[in-house]
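**Q** One letter stands for each residue in the lines below.
Number of protein chains: 2
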Amino acid sequence: MVQVTLAMVVYPRRREEMIHALRSLMLPLLAAPGFISCRLFRDADNPNTIFYVEEWHSQGDLELQIRSTHYSRLLSIMEEAAEPPELRLNWVTEVRGLEYVEAARVCDR
Amino acid sequence: MVQVTLAMVVYPRRREEMIHALRSLMLPLLAAPGFISCRLFRDADNPNTIFYVEEWHSQGDLELQIRSTHYSRLLSIMEEAAEPPELRLNWVTEVRGLEYVEAARVCDR
Numbered sequence: 002m003v004q005v006t007l008a009m010v011v012y013p014r015r016r017e018e019m020i021h022a023l024r025s026l027m028l029p030l031l032a033a034p035g036f037i038s039c040r041l042f043r044d045a046d047n048p049n050t051i052f053y054v055e056e057w058h059s060q061g062d063l064e065l066q067i068r069s070t071h072y073s074r075l076l077s078i079m080e081e082a083a084e085p086p087e088l089r090l091n092w093v094t095e096v097r098g099l100e101y102v103e104a105a106r107v108c109d110r
Numbered sequence: 002m003v004q005v006t007l008a009m010v011v012y013p014r015r016r017e018e019m020i021h022a023l024r025s026l027m028l029p030l031l032a033a034p035g036f037i038s039c040r041l042f043r044d045a046d047n048p049n050t051i052f053y054v055e056e057w058h059s060q061g062d063l064e065l066q067i068r069s070t071h072y073s074r075l076l077s078i079m080e081e082a083a084e085p086p087e088l089r090l091n092w093v094t095e096v097r098g099l100e101y102v103e104a105a106r107v108c109d110r
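Residue numbers (the numbering used here), protein chains in the order written: chain A, 2 to 110; chain B, 2 to 110.
By construction, these hints were calculated from the structure, which means they are not laboratory data. Cβ atoms here follow ideal geometry from the backbone N, Cα and C, with glycine treated the same way. A few of these clues could be false.
[Said to hold, decoys possible] Computed from the model, here is a short list of chain B residues facing chain A with C-beta under 8 Å:
#	residue
1	R43
2	D44
3	F52
4	L90
5	N91
6	W92
7	T94
8	E95
9	L99
Just chain A, with the same shape it has in the complex:
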């Protein structure tokens, strides 16, 4: 799985506009090949910091999107940020859940 995270500080007066622009990018992704999920957040302490997350099954699925208008629009939105945005691509090779935490805690007893 490849996870894309975008942390972006926006100008307060443009915050809702930027959130709307990102939200409008999300809906078409639902039908994209290899799409897993997409989420949009505001920082709990600073509402002007936006956090956007996409998850894709494979690198190929993500690259298809990177070459599409989806990423042209995403990069345009990033250019409107108040500070240099932080875009990161994380290659995730293993995913575990609560059972891992529970097992690690039991092992310690």
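Assemble chain B onto chain A, guided by the hints.
**A** Chain B alone, transformed into the frame defined by chain A:
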């Protein structure tokens, strides 16, 4: 790197209390071995959905925390959620930035 994500729907009347509880967990992490980052968000559309993210250099660093009071407190907070919370541990083996996106787009020309 190991990334921990917690997505949690909280009762509206307890939202600020839960955010405060999570925030109070974050500060001591700054001094923990292998700590990279910790962030707390609200969903852009539903403020009752909280998203909490921790990043650790290694599995060993994370397991040390899992066996500590930090995770005892985190698990207690999760028990107060309005719906079953979604805890995920992602093993990240490669991290890239904007340069990857730019290269992938150039390759397509």
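**Q** Next, verify each hint and record whether it holds.
**A** Here is what the structure says about each hint:
Proximity of R43 of chain B to chain A holds as hinted, the smallest CB-CB distance being about 5 Å (cut-off 8 Å). Look at D44 of chain B: its Cβ gets to within about 6 Å of chain A, closer than 8 Å, so that hint holds up. Interface hint status for F52 of chain B: upheld, as the beta-carbon distance to the closest one in chain A is roughly 5 Å, under 8 Å. A hinted interface residue such as L90 of chain B counts as satisfied when its beta carbon comes closer than 8 Å to some beta carbon of chain A; here the least separation is about 4 Å, so the hint holds.
Satisfaction of the interface hint for N91 of chain B is found here, the shortest Cβ-Cβ separation to chain A being roughly 5 Å, below the 8 Å cut-off. Given hint, W92 of chain B at the interface with chain A, holds; its Cβ is 4 Å from that chain's nearest Cβ, closer than 8 Å. This hint holds: T94 of chain B has a C-beta 5 Å from the nearest C-beta of chain A, less than the 8 Å allowed. With 8 Å as the threshold, the beta carbon of E95 of chain B comes within range of chain A, its nearest partner Cβ sitting at about 4 Å, so the hint holds.
For L99 of chain B, the shortest C-beta to C-beta distance to chain A is roughly 5 Å, which falls under 8 Å, so the interface hint holds.
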